[in-house]
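2 protein chains.
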Amino acid sequence: MNKKTRKLTSLGFGLLAALALSSQARADEVGSFDREIEYRQSVMTLYNWNMKPMGAMIKGKRPFDAAVFARHAKDLSAVAGLDLLSGFPEDSEDGETDALADIWLDFDDFQQKYADLQEASRALNQVAASSDQAEIKAAFGKVGKTCKACHKAYKN
Amino acid sequence: MNKKTRKLTSLGFGLLAALALSSQARADEVGSFDREIEYRQSVMTLYNWNMKPMGAMIKGKRPFDAAVFARHAKDLSAVAGLDLLSGFPEDSEDGETDALADIWLDFDDFQQKYADLQEASRALNQVAASSDQAEIKAAFGKVGKTCKACHKAYKN
Numbered sequence: 001m002n003k004k005t006r007k008l009t010s011l012g013f014g015l016l017a018a019l020a021l022s023s024q025a026r027a028d029e030v031g032s033f034d035r036e037i038e039y040r041q042s043v044m045t046l047y048n049w050n051m052k053p054m055g056a057m058i059k060g061k062r063p064f065d066a067a068v069f070a071r072h073a074k075d076l077s078a079v080a081g082l083d084l085l086s087g088f089p090e091d092s093e094d095g096e097t098d099a100l101a102d103i104w105l106d107f108d109d110f111q112q113k114y115a116d117l118q119e120a121s122r123a124l125n126q127v128a129a130s131s132d133q134a135e136i137k138a139a140f141g142k143v144g145k146t147c148k149a150c151h152k153a154y155k156n
Numbered sequence: 001m002n003k004k005t006r007k008l009t010s011l012g013f014g015l016l017a018a019l020a021l022s023s024q025a026r027a028d029e030v031g032s033f034d035r036e037i038e039y040r041q042s043v044m045t046l047y048n049w050n051m052k053p054m055g056a057m058i059k060g061k062r063p064f065d066a067a068v069f070a071r072h073a074k075d076l077s078a079v080a081g082l083d084l085l086s087g088f089p090e091d092s093e094d095g096e097t098d099a100l101a102d103i104w105l106d107f108d109d110f111q112q113k114y115a116d117l118q119e120a121s122r123a124l125n126q127v128a129a130s131s132d133q134a135e136i137k138a139a140f141g142k143v144g145k146t147c148k149a150c151h152k153a154y155k156n
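Chains as they are written, first to last, in the working numbering: chain D, 1 to 156; chain B, 1 to 156.
If you are wondering where the hints come from, they were derived from the structure by calculation, not from laboratory data.
Ideal Cβ placement from N, Cα and C applies to all residues, glycine included.
Honestly, I wouldn't trust all of these hints.
Capping the alpha-carbon separation at 30 Å, the derived lysine-lysine pairs in BS3-like fashion look like this [claimed, not checked]: (1) 113(B) x 59(B); (2) 142(B) x 74(D); (3) 74(B) x 145(B); (4) 113(B) x 52(D); (5) 155(D) x 52(D); (6) 74(D) x 59(B); (7) 61(B) x 74(D); (8) 52(D) x 74(B); (9) 74(B) x 142(D); (10) 52(B) x 113(B); (11) 74(B) x 148(D); (12) 155(B) x 113(B); (13) 137(B) x 113(B); (14) 74(B) x 113(D); (15) 52(B) x 155(B); (16) 113(D) x 145(B); (17) 155(D) x 74(B); (18) 142(B) x 52(D); (19) 113(B) x 74(D); (20) 152(D) x 113(D); (21) 137(B) x 59(B); (22) 74(B) x 145(D); (23) 148(D) x 59(D); (24) 74(D) x 155(B); (25) 59(D) x 137(D); (26) 52(D) x 148(D); (27) 52(D) x 145(D); (28) 155(D) x 52(B); (29) 148(D) x 113(D).
Covered by chain D, according to a simulated footprint, are these stretches of chain B (three or more residues, beta-carbon under 8 Å) [to be verified]: (30) 44 to 55; (31) 67 to 78.
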């Protein structure tokens, strides 16, 4: 190997090392919101766990069971009370997520939409214990609307 | 194709169809607890989300922030109040889960261990607002013990 070849080879390894480092840096960067993403997706799973059986009862796809419905309404309200927004740090749309960057372009609106869900969930929990099916149905419908409003604006 | 060959061929297809059906049945069976598994794993993620930063503060790995600690204690208590046991229907140890079959061999004990976590989480939430660091530390330690007790007995 002559001097020039050695130089080029060394340059080649240098470039490879730099590329490897930059790729690692990118991976670290992308991976840095993994914990937040897993958190907020878990919260969504818990919404779904409670919303789905209530929805099935409202739609008559399964028999209405007041105790089961009330339990899900209670849990939904508890989950909606969690500090979900801490799972959405600035620009955490990188990674395996359906969250749109629009969230951080208008975080106040995102926050308001979350407050709407909290409010609607609390209201549903309050009427769930009553025997007024029309009221329950209306309250459930309102929760569903807050889900959709947020997903439409901020979910892929 | 003579009669015998036809018979054998038909038998072959019959066997294949039977195997395919049985494999599908098995997949359906194994897959039938996916929703429960996703639910309970999401609940665990939420425990971890709250326990980890509190643990870091207790161990002095990050500065103690009373407001952040209290918020996590509140959320942990809310998550511990969920109907987690509905995510553990009889024999739902099939699938991508670390849950051991032992859970259903002594469900009363499993239930008791969950009640211990609920109790310890409520207690931590109550002392979190106080400025007594020793009390907070003790209460946090008790929660950790209930986690470990259940994982040791029932988690892979």
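So, going through the hints one by one against the coordinates:
no.	hint	result
1	113(B) x 59(B)	holds (25 Å)
2	142(B) x 74(D)	holds (26 Å)
3	74(B) x 145(B)	holds (18 Å)
4	113(B) x 52(D)	holds (28 Å)
5	155(D) x 52(D)	holds (19 Å)
6	74(D) x 59(B)	violated (34 Å)
7	61(B) x 74(D)	violated (36 Å)
8	52(D) x 74(B)	holds (26 Å)
9	74(B) x 142(D)	holds (26 Å)
10	52(B) x 113(B)	holds (20 Å)
11	74(B) x 148(D)	holds (27 Å)
12	155(B) x 113(B)	holds (13 Å)
13	137(B) x 113(B)	holds (21 Å)
14	74(B) x 113(D)	holds (22 Å)
15	52(B) x 155(B)	holds (19 Å)
16	113(D) x 145(B)	violated (38 Å)
17	155(D) x 74(B)	holds (28 Å)
18	142(B) x 52(D)	violated (35 Å)
19	113(B) x 74(D)	holds (22 Å)
20	152(D) x 113(D)	holds (11 Å)
21	137(B) x 59(B)	holds (9 Å)
22	74(B) x 145(D)	holds (27 Å)
23	148(D) x 59(D)	holds (17 Å)
24	74(D) x 155(B)	holds (28 Å)
25	59(D) x 137(D)	holds (9 Å)
26	52(D) x 148(D)	holds (14 Å)
27	52(D) x 145(D)	holds (14 Å)
28	155(D) x 52(B)	holds (28 Å)
29	148(D) x 113(D)	holds (10 Å)
30	44 to 55	holds (count 3)
31	67 to 78	holds (count 3)
The structure does not agree with the numbered hints 6, 7, 16 and 18 stated previously, though it agrees with the rest.
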